[in-house]
Amino acid sequence: KAGVTQTPRYLIKTRGQQVTLSCSPISGHRSVSWYQQTPGQGLQFLFEYFSETQRNKGNFPGRFSGRQFSNSRSEMNVSTLELGDSALYLCASSLDPTFSTDTQYFGPGTRLTVL
Amino acid sequence: AQKITQTQPGMFVQEKEAVTLDCTYDTSDPSYGLFWYKQPSSGEMIFLIYQGSYDQQNATEGRYSLNFQKARKSANLVISASQLGDSAMYFCAMRGISSNTGKLIFGQGTTLQVKP
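In order, the protein sequence lines correspond to chains A and B. Quick note on numbering: the working numbering labels position 58 of the first sequence as 58, and the sequence is numbered without any gaps. Quick note on numbering: the working numbering labels position 87 of the second sequence as 87, and the sequence is numbered without any gaps.
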């Protein structure tokens, strides 16, 4: 079974631009979560989608948004990029968080650099 | 609020020896799951092991075992017979099960270096 895939793997943007990152979950997984990883703040939760609905959102400004499609693929968008948005963005998928043993499996990440 | 604390920023271990990575947690959720992930320099987070709060026995997965002490709120990862390929960053994470959310709270991580 194929793992979680993320595209693109690397991205370089300039301040003020916007960016869209894509995540394809493991086949059959309905939950997709996004995390931002930086050296200073560590791993921080961005948002979680389940069956096309946002179920949970982390403490990030409104410039960060996301969505999930009917095939469970997810995208996240960051508008008006700032230097501090430079980070590794990780996507994770799982079957169903209502299961107590539900486990998230991560993709390889998208490394975003904002100049 | 939920919190994960990993107090060892970096650790060294000799190849073939065992090593314990510490993790303590705090949560008000009566039902929760604890996870350990490995992150090599490539960046991908690799799932290692899971422990449920109501599990009676400590979880084991090959060379990985989780020393779960609920009263002390600790969930330490034990890696037996360390290999050079174990050199990576290790994260402890927690999920509140009662809230039916997949959201994971991560610790700051521990960098493990295995010496030949």
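Rather than coming from a laboratory, the hints here were simulated on the basis of the structure. Be aware that one or more of the hints could be misleading.
Said to hold, decoys possible - Covered stretches of chain A, as calculated for chain B (at least 3 residues, CB under 8 Å):
no.	region
1	45 to 56
2	88 to 99
Said to hold, decoys possible - Okay, the calculated bits of chain A under chain B, using three or more residues with CB under 8 Å as the criterion:
no.	region
3	28 to 42
4	103 to 115
As the list claims (entries may be wrong) - Counterexamples of contact, computed for chain A against chain B with all Cβ distances above 12 Å:
no.	residue
5	3
6	4
7	6
8	9
9	17
10	22
11	61
12	63
13	65
14	69
15	71
16	73
17	79
18	80
19	81
20	83
We treat Cβ as the ideally placed atom computed from N, Cα and C, and that holds for glycine.
Output the indices of the hints that this structure fails to meet, ascending. 5, 6, 7, 8
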